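Asks: Going line by line, the protein sequences match chains D and Y.
Per the numbering used here, the first sequence starts with residue 6, numbered consecutively.
Per the numbering used here, the second sequence starts with residue 6, numbered consecutively.
I should point out that these hints are in silico values taken from the structure, not numbers from a laboratory.
Keep in mind that a hint or two might mislead.
Chain copies aren't distinguished; within one or between two, either way the pair holds.
[Stated by the list, open to error] With a straight-line Cα cutoff of 30 Å, these simulated DSS-like cross-link-like pairs (lysine-lysine) come out:
id	residue 1	residue 2
1	K149	K29
2	K50	K242
3	K29	K266
4	K252	K35
5	K252	K29
6	K35	K259
7	K208	K10
What you are looking at is a predicted structure, and each value in this text was computed from that prediction instead of being measured.
Protein chains: 2
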Amino acid sequence: MNFNKEYESRISYIESILNQYLPKQEGYQKIIMEAMEYSLMAGGKRLRPMLMWESYRLFGGQSKVIEPFMAAIEMIHTYSLVHDDLPAMDNDEYRRGRKTTHVVYGEDMGILAGDALLNYAFETACRAFEMEPDNSRRIGAALKILAGKAGIYGMIGGQVVDVKESGNNLSGEMLDFIYRLKTSALIESSMMTGAVLAGADEKDISKIEQIARRIGLAFQIQDDILDVTSTTEVLGKPVHSDEKNEKTTYVTWKGLEESKKDVARMTEEAVEELHAFKPADGFLEELLKRLVYREK
Amino acid sequence: MNFNKEYESRISYIESILNQYLPKQEGYQKIIMEAMEYSLMAGGKRLRPMLMWESYRLFGGQSKVIEPFMAAIEMIHTYSLVHDDLPAMDNDEYRRGRKTTHVVYGEDMGILAGDALLNYAFETACRAFEMEPDNSRRIGAALKILAGKAGIYGMIGGQVVDVKESGNNLSGEMLDFIYRLKTSALIESSMMTGAVLAGADEKDISKIEQIARRIGLAFQIQDDILDVTSTTEVLGKPVHSDEKNEKTTYVTWKGLEESKKDVARMTEEAVEELHAFKPADGFLEELLKRLVYREK
Numbered sequence: 006m007n008f009n010k011e012y013e014s015r016i017s018y019i020e021s022i023l024n025q026y027l028p029k030q031e032g033y034q035k036i037i038m039e040a041m042e043y044s045l046m047a048g049g050k051r052l053r054p055m056l057m058w059e060s061y062r063l064f065g066g067q068s069k070v071i072e073p074f075m076a077a078i079e080m081i082h083t084y085s086l087v088h089d090d091l092p093a094m095d096n097d098e099y100r101r102g103r104k105t106t107h108v109v110y111g112e113d114m115g116i117l118a119g120d121a122l123l124n125y126a127f128e129t130a131c132r133a134f135e136m137e138p139d140n141s142r143r144i145g146a147a148l149k150i151l152a153g154k155a156g157i158y159g160m161i162g163g164q165v166v167d168v169k170e171s172g173n174n175l176s177g178e179m180l181d182f183i184y185r186l187k188t189s190a191l192i193e194s195s196m197m198t199g200a201v202l203a204g205a206d207e208k209d210i211s212k213i214e215q216i217a218r219r220i221g222l223a224f225q226i227q228d229d230i231l232d233v234t235s236t237t238e239v240l241g242k243p244v245h246s247d248e249k250n251e252k253t254t255y256v257t258w259k260g261l262e263e264s265k266k267d268v269a270r271m272t273e274e275a276v277e278e279l280h281a282f283k284p285a286d287g288f289l290e291e292l293l294k295r296l297v298y299r300e301k
Numbered sequence: 006m007n008f009n010k011e012y013e014s015r016i017s018y019i020e021s022i023l024n025q026y027l028p029k030q031e032g033y034q035k036i037i038m039e040a041m042e043y044s045l046m047a048g049g050k051r052l053r054p055m056l057m058w059e060s061y062r063l064f065g066g067q068s069k070v071i072e073p074f075m076a077a078i079e080m081i082h083t084y085s086l087v088h089d090d091l092p093a094m095d096n097d098e099y100r101r102g103r104k105t106t107h108v109v110y111g112e113d114m115g116i117l118a119g120d121a122l123l124n125y126a127f128e129t130a131c132r133a134f135e136m137e138p139d140n141s142r143r144i145g146a147a148l149k150i151l152a153g154k155a156g157i158y159g160m161i162g163g164q165v166v167d168v169k170e171s172g173n174n175l176s177g178e179m180l181d182f183i184y185r186l187k188t189s190a191l192i193e194s195s196m197m198t199g200a201v202l203a204g205a206d207e208k209d210i211s212k213i214e215q216i217a218r219r220i221g222l223a224f225q226i227q228d229d230i231l232d233v234t235s236t237t238e239v240l241g242k243p244v245h246s247d248e249k250n251e252k253t254t255y256v257t258w259k260g261l262e263e264s265k266k267d268v269a270r271m272t273e274e275a276v277e278e279l280h281a282f283k284p285a286d287g288f289l290e291e292l293l294k295r296l297v298y299r300e301k
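Chain D extracted, bound-state conformation (with noise of 0.2 Å):
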């Protein structure tokens, strides 16, 4: 398997989808759709809906069902970022090289967009409804993990104590639950929704649980690392925005080595427990790999 070329038309699949469910761009309300594109074909890893689809697969799931999920996903991470970009959040200008919603459409449609992509998420996972109507129990099942995994005890639970807390010299265990919330929580919402529509039972989708928190905490530490090692030309994004911000995280809580130490070791063991499901290929465990060692 050449994993780049692999990588680049998953990308590629997933960003089809995202067009194909995006709201066509008309009537008098049109510039919320453009808004909506503009934060969401910005670019970006696509990590969730690319783990959503592995586990889709890893469980045997075969069919499109998965696809409206994918794009939900997608739509909740990035209304997350257009919030939390606002001037009464993180106040930030620049987005992966770009001006951020509110400073291309004004701060009152940088809200109404979040909430329209949030609103959004839920439409179309919903799509999934008429598509497979005798799988309506699975697909209920997948959008109740979908909206827990969004809300006050999952991410958003996550942003309000990160917010809260803002300037606080936070104590390891709180660091770990914002990250667990933040970050975990809609990479565990992707490989779970991805393992109950393909029809996992409940103590495999548990286990994926735990596989995608260390996969999320892994990925947020990573993100600490390189707001210390890399530079804005290749992140994107200011550099230094936390020590900026006198922000506690899993770098100055452990010092870069030790957190280094750490991406590694919770990536290998994510790794270990996925060879139980038997991936048919070696994507997954590469992907993860590269997210340990990536630069952006």
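Start from chain D and add chain Y according to the hints.
Replies: Just chain Y, lined up with the frame of chain D:
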């Protein structure tokens, strides 16, 4: 039937459901649960869950599966108010006689509380799948309506045009579009999900949508009328705000007398059409009539 007593008892029933479905206030992210409760339990007419329950009973619904949907629609309505009040939107400091959510909890938490309520609405509605797994197909259909009517082709779409066209002179056609999306859509959602969950057929669901559209429009026109004719004390929010913001309203478009006549006519039509469904008591009819003559 003593309408006032019946009305109060239904408000109590709805508020007990809201309390039941509100998240416990605990964990590091407790502040967001507080902000959600603050905004959701601020009083209000509870019109949407009330209409949902009426519509559910109209089609013979008798189980508790409607309750998470009743909570969900009120959460969606409330999140839209919380975001609408933000400084970058209408910048309102008071609502229902109390300080708005962002004034009490800060602008960042105002944004997150709105996000949390919208997301939690879907988490809450998804509880219906556990309550009646055999009804998953019907619940999926109701969820699709709930999501669709709240989004860019419904409430958010109306908000977008309202915000974008703020200060402009609007055509009657555009005003109609805004009202249908901004206000009617959630009323349609309420009555349609009630009908769907009770097992109504497509023809009847479509009729209910038309009735709800008219009720929503009459309700919004009455809002425009009260902004001209009421007082801040009675409304619990500033009057003459439309004039101050140079807004085109139904009253500036058609004049006060014509607007009053239209509200009465639309309500009569809605009541007339509801008769075809043989309501068990006169509550819904009386409720609609009182909405026309309401003073706040």
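Asks: So, for every hint listed, does it hold in this structure?
Replies: Hints versus structure:
1. In this homomeric assembly, K149 and K29 come within 30 Å of each other (Cα to Cα) both inside a single copy, at 27 Å, and across copies, at 18 Å.
2. In the homo-oligomer, the alpha carbons of K50 and K242 lie at most 30 Å apart inside one protomer (15 Å), although the nearest pairing across protomers, at 46 Å, exceeds that limit.
3. Taking the shortest alpha-carbon separations for K29 and K266, neither the intra-copy value of 46 Å nor the inter-copy value of 38 Å comes in at or below 30 Å.
4. In this homomeric assembly, K252 and K35 come within 30 Å of each other (Cα to Cα) only across copies, at 21 Å, whereas the closest approach inside a single copy is 39 Å.
5. Taking CA atoms no more than 30 Å apart as the test, K252 paired with K29 passes between copies only; the shortest distance there is 29 Å, against 40 Å inside one copy.
6. Proximity of K35 and K259 under a CA criterion of 30 Å is satisfied inter-copy only: 27 Å between copies versus 48 Å inside one chain copy.
7. In this homomeric assembly, K208 and K10 never come within 30 Å of each other (Cα to Cα): the closest approach is 34 Å inside a single copy and 51 Å across copies.
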